[in-house]
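A.B. asks: First to last, the sequence lines map onto chains A and B. Once you know that position 130 of the first sequence is 130 in UniProt numbering, the rest is easy, because the numbers rise by one and skip nothing. Once you know that position 245 of the second sequence is 245 in UniProt numbering, the rest is easy, because the numbers rise by one and skip nothing.
Fair warning: there could be bad hints in the mix.
To be verified - Distance condition first, Cα-Cα at most 30 angstroms in a straight line; then the derived BS3-like pairs of lysine-lysine: (1) LYS140/A with LYS52/B; (2) LYS258/B with LYS52/B; (3) LYS161/B with LYS52/B; (4) LYS258/B with LYS208/A.
It should be emphasised that the hints constitute simulated quantities derived from the structure, not laboratory data.
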Amino acid sequence: MSSKKGTLSRVKTREKIDGWLFVMPFVISTLVFFAGPLVVAFILSFKEYSFLDQNTIWQAKWVGFDNYINAFKDPIFKRALLNTTLYSLGVVPIQLVIALILALIVDSDIKGKTFFRVAYYIPTVTSTVAVSVMFMFIFKTDGLLNKFLKLFGIPPYNWFGDVRLALPSIMGMAIWSSVGLYMIIFLAGLQDIPHSLYEAAWIDGANKWQQFWYVTLPLLRPTFFFNLVVSLIGTFQVFDQAYVVSGGNGGPLNSTMTVVLYLYRTGFRDFKMGYACAIAFILFAIIFILTLIQKKLFGEETQYQ
Amino acid sequence: MGKRILKVLFYLLVIGYAIISIGPFLWSVITSLKPTSEINNLAIDFSKLSFKNYVFLWKKFPFARWMFNSIWVALVVTFGNLLFNSMAGYALARIEFPGKKALFLAILAFMMVPGQVVMVPTFILLTKLGWVNTYKGLTIPFLTSLFGIFLMRQFFLSIPKSLEESAMIDGLSRFGIFFRIVLPLARPALTTQFILMFTGNWNSFLWPSLLATSDKMYTLPVGLNSFYGQYFQFWDQVLAGVMILSIPSIIIFLIFQKNFIKGIATTGMKE
């Protein structure tokens with residue numbers, strides 16, 4: 001009896017050790033490259049520090065909330081915040097609606113289903129740099145798009161070079177390139193809805209439209225919430241497209257300056273690293289608040305256990 | 001009759017979006033095969049198409065080197081993630097150890113922090129370590145992923161325990177169970193991770209553009225951006241570069257696409 005107890009406790013100790021061995025690579029890597037830097041970034045956001053300084057981070061001058069206050073006085077940062085918000089407000093809803101429609105299409109019994117799934121998803125696996133360059137070719141003043149629009153009598157535009165059109169052009173590009181991801185996730189959600197529910201609705205005399213409205217949509221709520229959160233977070237972090245299209249300077253006239261692009265420039269071109277960290281934490285706060293608001297609005301369907 | 005018209009309209013929509021979706025690629029491929037003098041020509045003169053832009057980029061510019069860097073970095077990072085994320089995900093799903101709950105809560109909390117927040121200190125750290133502009137710097141900080149661990153945990157929670165229990169009775173250790181029984185069962189989830197990690201890393205631009213400072217260490221996206229910056233008038237060559245960057249990830253996706261869609265459903269990614 002006692003020996004059995006001993007074995008059991010040995011097994012339990014073994015389990016505890018094994019558990020930590022299994023998570024060890026992740027724990028070390030996260031401490032060194034994420035949690036540690038996160039703390040340092042937070043401290044730096046209250047300091048004036050440049051990479052080129054002779055002194056260390058710890059010796060750098062403490063400036064309190066100055067970096068945060070300056071950010072909201074900085075016209076370029078405010079512009080970046082506005083651009084990013086507009087970008088997000090434009091991209092998220094259009095993206096999700098198109099993604100849902102495409103998911104419904106490739107979930108229905110059309111011919112060549114696999115082909116269309118793949119075709120709609122391909123832009124998503126393509127590098128944003130490649131996509132940006134490709135679109136600049138198609139959107140250039142004497143490019144394919146303007147030639148196509150000319151058929152309808154629309155005059156040519158300099159899409160990425162025009163202060164009013166540059167951001168919307170990037171938005172169109174972003175929608176085009178990431179719709180596939182949300183489509184696939186919607187598709188997985190659609191396939192999870194039990195067939196019997198549709199049969200029951202059909203027996204009750206619900207037509208296709210009513211089935212969609214009363215069965216599909218309510219049951220897709222968790223999927224929709226997931227997509228909404230991922231899409232919002234993703235759009236607030238937009239960088240690649242804005243960087244490539246504007247050659248890294250957010251032009252013309254800061255019309256494509258985004259928060260992350262500005263963070264990159266202040267941190268690594270102007271070497272105002274304390275200021276850059278403050279911008280990073282403002283971005284974090286925005287994303288955090290948005291996520292909380294959505295959780296409130298969409299309820300607690302998202303359960304992890 | 002009305003139903004037929006509806007069907008035609010439906011297929012027009014389906015095919016129309018497919019054209020919007022892959023049209024830009026087709027147009028870019030064709031242009032990349034043209035000589036520079038033809039790039040603004042809408043008509044395609046098939047006798048003038050050739051692969052000479054690709055040969056030119058390969059021989060006169062470091063595209064081969066960038067390709068090698070991209071492949072090496074993406075493979076190391078992807079396999080590191082597959083191994084470490086599934087180990088951590090497995091422990092969080094199955095093993096009882098002290099601090100497990102706190103660790104999981106930390107993962108959920110950290111997942112909300114955008115990666116750019118740690119950009120400045122991580123860059124300073126990598127500079128101090130002398131890892132900027134090295135393969136170490138491009139790979140080691142990215143070997144695990146919070147989101148990847150989360151997905152693996154959800155997957156392991158969804159598969160039955162019985163096989164593992166009988167293996168444990170047979171005296172297999174945790175590591176034996178993990179490598180011999182659990183990982184083979186996890187193939188759909190691992191395929192999904194493989195595609196997400198490989199294409200994500202292959203396409204990654206922000207970090208490599210910070211960490212690769214000389215053109216010898218560029219990955220393809222960084223290289224293409226710099227090439228575009230200098231040779232933007234030569235669209236035929238630039239677009240050949242676009243294709244060199246995009247085709248490998250498209251091929252990887254085409255190979256695994258069947259399992260990928262299944263994998264997303266089983267990992268419970270949508271929740």
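A.B. asks: Between the alpha carbons of LYS258/B and LYS52/B, is the straight-line distance 30 angstroms or under?
C.D. replies: Violated, at about 34 angstroms.
A.B. asks: Would you check the hint for LYS258/B and LYS208/A, treating anything up to 30 angstroms between C-alpha atoms as holding?
C.D. replies: holds (28 angstroms)
A.B. asks: Run the distance test for LYS140/A versus LYS52/B: straight-line Cα separation, threshold 30 angstroms.
C.D. replies: With Cα atoms ~24 angstroms apart, LYS140/A and LYS52/B stay inside 30 angstroms; holds.
A.B. asks: Next pair to validate is LYS161/B with LYS52/B; report whether the Cα-Cα distance is within 30 angstroms.
C.D. replies: violated (57 angstroms)
In terms of the numbered hints stated before, the structure departs from hints 2 and 3, listed from lowest to highest.
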